[in-house]
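Peer 1: Residue numbers (my numbering), protein chains in the order written: chain X, 1 to 411; chain E, 412 to 891; chain B, 892 to 1154.
Rather than coming from a laboratory, the hints here were simulated on the basis of the structure. Predicted model only: the values in this text are computed from it and were never measured. Treat the hints with caution; some may be incorrect.
Claimed, not checked - Here are the simulated distance ranges between beta carbons: (1) E911(B) - N791(E): 27 to 35 Å; (2) C20(X) - K476(E): 19 to 27 Å; (3) E830(E) - K75(X): 20 to 28 Å; (4) E611(E) - E363(X): 40 to 48 Å; (5) E830(E) - H332(X): 24 to 32 Å; (6) R8(X) - P572(E): 55 to 63 Å.
As the list claims (entries may be wrong) - Covered by chain E, per the in silico footprint, the following chain B stretches (three or more residues, Cβ under 8 Å): (7) 1001-1014; (8) 1027-1036.
Stated by the list, open to error - Calculated cross-link-like contacts (lysine to any residue; reagent style SDA-like; alpha-carbon spacing at most 25 Å): (9) K41(X) - Q824(E); (10) K1129(B) - S909(B); (11) K809(E) - K331(X); (12) K756(E) - I390(X); (13) K395(X) - L381(X); (14) K331(X) - Q824(E); (15) K514(E) - Y485(E); (16) K288(X) - E830(E).
Glycine included, each C-beta is placed from N, C-alpha and C at the ideal position.
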Amino acid sequence: MKSSTICREWLNSLPPTQGCLEKEQSLGRELLSKHGMPSNKDEAWRLCNFNRLNSFFSLPIINKSEDVKSKFPNKDKDSERIIINPNRNQFLNINLPNGIEKLNDKEIEENLGKIIKSTKVKNDLSVCLNQASSAKLLALKVKSSFNKSLEIVIPSIKENSISTRVFLIVEEGAKLDLLQVFLGNNNSAQNHLIEIKLESKGELTHGLISLGEEKESSSICTVAVEQSKNSQYSLHSIHHGWDYARFEPRIIQSEGEASTTIKNLQVTKSKEQIATHSLIRFEGPNGKLDQLQKAVASEYSHCIFNGSIEVPQIAQKTEAAQLSRNLLLSKHARIDAKPELEIVADDVRCTHGATVSQLQDEELFYLLSRGIDNEHANSLLLKGYYDEVISYLPKSSKKWNFVKNLMNDIK
Amino acid sequence: MTQTNTVEEIVAQPYKYGFTTEIETEKIPKGLNEDVIRLISAKKNEPDFLLKFRLRAYEQWLKMKEPDWSGLTYSKVDYQDLVYYAAPKQDIKKKSLDEVDPKLLETFEKLGIPLSEQKRLSNVAVDAVFDSVSIATTYKEKLAEHGVIFCSISEAIIERPDLIEKYMGTVVPINDNFFAALNSAVFSDGSFVFIPKGVECPMELSSYFRINSGDTGQFERTLIIAEESASVSYLEGCTAPMFDTNTLHAAVVELVTLDDASIKYSTVQNWYAGNEKGVGGIYNFVTKRGECRGKRSKISWSQVETGSAVTWKYPSCLLQGDSSIGEFYSIALTNNFQKADTGTKMIHIGKNTKSKIVSKGISAGQSKNSYRGLVSISPNAEGARNYSQCDSMLIGDKASANTYPYIQSKQPQSNIEHEASTCRISEDQLFYLQSRGIDFEESVSMLISGFCSDVFNELPMEFASEADKLLALKLEGSVG
Amino acid sequence: MIQSTSETILSIKDLHASVEDQEILHGVNLLVKEGEIHAIMGRNGSGKSTLSKVIAGHPSYKVLSGSIQFKGINILELAPEERARIGIFLGFQYPVEIPGVSNLEFLRVATNSRRKELLQSELDTFEFEDLVKERMKIVEMDPAFLERSVNEGFSGGEKKRNEILQMALLEPFISILDETDSGLDIDALRIVASGINKLAQPSSATILITHYQRLLDEITPDFVHIMADGKIIKTGNKELAIDLEKSGYDFIDNNKKDKEMVN
């Protein structure tokens, strides 16, 4: 089917624009009908598996309010959990803890959509797709008095497509430990858009575990973060088990003077494709970035990384380091890594590196020579490889049991 | 900062080679169509297969679009407003240097390339190309004794059509890209090198390209073939006068190495870069590619790029033969409004192929200097290895340095490593040198040479100092 | 060696200087004559290194008021390279590594710029190699270090020897050696110290900046100055250094208290 036909059909299948996101919906739909669905003519989507993407669009957008009946691990004592059920008022069953408040209409009006605009990329299709289809919004602010951690769990629904939108303000001096969990389901699709505003001296540790784990599950997720002065943002994420997944973290240090850490792991097997397209832009001096991107591709799978760093003239004394490390474990798998650094400021320290290899023979041999069998040795080394990202996730993430799945995947 | 300003002043030195030679030239009328191509081919008495080659390329070119993908903007070229053939008026088939117009010899002497028998370099054979034609090739006879053919490509087309037909267009196909197609249709002259089996070329070979006319497109074509176990080191140099219009230079270079052969190809490019306001200068849109067809063969590109208003250039290696080696060493210096988008492609096809990339970019003024590279490992390239290192240095806060290293791997038994950094001249290093009595200009130039030393070490001995001088010229003015 | 008729090499008067808009030197006075060896001691942050950088002309340091005269010439307007050429030498505490720049080439260019100033002929590559190899013996340095990049991959001791080698080549009138003893083992310290002693001339002077006595066991100073809070607060002979070693820097604090009481 032609991309324009898919686009038209998909747009026609959406419910009429309405609710608090009405404006956003019109915006997204307008842009999509103008540009069409992503195609290989869009540089940022060139390597995308379009068959998978098209099946993403063939699933109906869930229209009615539905309660998801799934079993989730118990939450920690000192943690609050919000489960996002599609098309449901998300605040229905939740008692917001002290220090977290709903944003009022005025605050939403003033802030929503601003961050995705300032972190916009050319033909921003992932965002348009979400804008066009998201009907409900979870909008919260975290005050400096909040001292627990927060979980946001987003399950998906069999044979359906869901689209969610979250907006979060971390107020001046507030600290938040956030764990976000996306769960796939048989033949399901999900599209998430998360906007986060970190006010000055705000600190956000953002764990994100994105687990497909079921047949034909797919996900598109954009995280857009704006950091004010002296804020700290750490994103630790893993992506696993998706037939097709696309992850777009975008961070803008709007005044510089902030610190950003990203540790991202993506693991693919069978014919899966997972792509990460990151963008970090410094719009003021003295910004810091430490970015580690890891990928493991086995069997017939494909891992993609595209990492942009922009350091304009105003961003003097920026220190940015990006490292992309990739393991290619099979002859039929494929890895594409494309760092993109654009630097105009002269007083900066920017480094980046990329490697593609298999598990190191010497390390393997060392373990074998100590009597460990091949399978164990491999999994020990892989575990070590994963740990550079996993060890940064909050403890509570262990309950979600993904480490076992990660290890089972690859033999 | 005042120190930065001074560094910028040092970098902005006038272009030394901007003079024009007053010489009567024969030009064909402006514009491009099938008749023009037939005319060029007829002027050069080309065999029928080559005319067909040109016409096929022209047909392809008409269907192609001018690329705009790299984000570099430049005022578009009007292809109907260019002259596609210009030659100094004289009998092209000159037999000896005595018959060459003394003005031309003088021009090359002024450029530091003496051609006459008394003055010429003792260990380097030179092919001097002026606008569209090769005017002289030195040491031809001596090279012939070893079976080495070194001549203009026009001569080779007449004398060795067999080799031309066999190799031309096999590394860079006529429809490879917009500018390669254009070149294939209208190429005027260039150099041809053939090193037969087992021969190590007894001297350095060098081509020197000089653009003289302002409205002439420069489309030279170079083909170098090294048969089994043969080796050669080749250097090209380029300069052009200052015009306030932009001149198009769209060359194609093809290299072929068979088993155990090696080619080292070095470029010192100093085309006119335009003035400090960005007016004028050469558009340098060049396709350079080498094919390591044979096992254990090696192709090594080194380049020092200081000129041109806009440069698009990605000297690449197709590593087909098992255990073949590709190398790319590059220094690109941009200033004022220059834009350089350069890098390499290393395509690993054969088993145990190896490649190494070292790129040093220096951007000053409001220039834009980008490294763009591709390392691709095909499923059969078991044991392939690549190492890349790309460093950028920024001078002043209006210049930009971009790095786009693209990595693609489909073979687990392979290894790719890439490292990159961006910095500026360190104040501490500068102060250290100054505090030992070395003046500011020389300290800056020492630090920049130091930054580039990994690449200088790869240039042929005879030219390393020349390249250092060229950088020095752009950087220092009085020194060098 | 000290004679009353000796010529003044360095004269610093009421020097105030700042770095990054923070005043570090609050009025330093110092007089150094031919043939003299001075030691400046003091805690970290007392302004010793700042003083040396200001004399050498580091662009990050600003002179707010006061004067520095070298052989009667005001040097404050001179670029760092001009100061070096007229014979002011700073031995760095942390010599910077300069990858890619050949040590031999660097030493040659530096030596020739000083020779030019002294109206001596410039040395070509061969002449210079002879000279540098001879001078390397003073600091027991292996000629292999000439082939390497400036200070790159040198150990702490090797870097300091390379500094003294530069001093030997440039033959300055005044050498300011900033913590030349730090990070050296006892053997390296002896080699460096004996190098400094060998290079001492009746017509030149040395300022040793250190916070330990041990370098002064090897090189006997004529004057010892103690710096605190950006000023020289006490001047004496080598006995002062020995006292300091015994009682530590506490007496500075006492000294300060006394002062405050007086005020």
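Peer 1: Now look at each hint and say whether the structure bears it out.
Peer 2: Consistency of the hints with the structure:
1. Distance hint check: the CB atoms of E911(B) and N791(E) are about 58 Å apart, inconsistent with the given range 27 to 35 Å.
2. Restraint check, C20(X) to K476(E): a C-beta distance of roughly 45 Å breaks the suggested window 19 to 27 Å.
3. Judged by the Cβ atoms, the range 20 to 28 Å given for E830(E) and K75(X) is violated: they are separated by roughly 43 Å.
4. Here the CB-CB span from E611(E) to E363(X) is close to 43 Å, well matched to the stated 40 to 48 Å.
5. Distance hint check for E830(E) and H332(X): the Cβ-Cβ separation is about 29 Å, which falls inside the suggested range of 24 to 32 Å.
6. For the pair R8(X) and P572(E), the supplied restraint of 55 to 63 Å holds, since their beta-carbon distance comes to about 57 Å.
7. Coverage of the region 1001-1014 of chain B by chain E holds. Counting CB-CB distances below 8 Å, 4 residues qualify, and the rule asks for three or more.
8. For the region 1027-1036 of chain B, the assignment as covered by chain E is violated, since 0 residues bring a beta-carbon within under 8 Å of that chain's beta-carbons and 3 are needed.
9. Restraint check for K41(X) and Q824(E): not satisfied, since their Cα atoms lie roughly 32 Å apart, outside the 25 Å limit.
10. For a cut-off of 25 Å, the pair hint linking K1129(B) to S909(B) is broken: about 30 Å separates their Cα positions.
11. A hinted pair counts as satisfied when its Cα atoms are at most 25 Å apart, and K809(E) with K331(X) does not qualify at roughly 45 Å.
12. A C-alpha spacing of about 35 Å is found between K756(E) and I390(X), which places the hinted pair above 25 Å, so the restraint is violated.
13. A C-alpha spacing of about 22 Å is found between K395(X) and L381(X), which places the hinted pair at or below 25 Å, so the restraint holds.
14. For the hint pairing K331(X) with Q824(E), the CA-to-CA distance comes to about 8 Å; that is within 25 Å, so the pair holds.
15. At roughly 34 Å between alpha-carbon atoms, K514(E) and Y485(E) are farther apart than 25 Å, so this suggested pair is violated.
16. This hinted pair checks out: K288(X) and E830(E) have alpha carbons roughly 19 Å apart, not beyond 25 Å.
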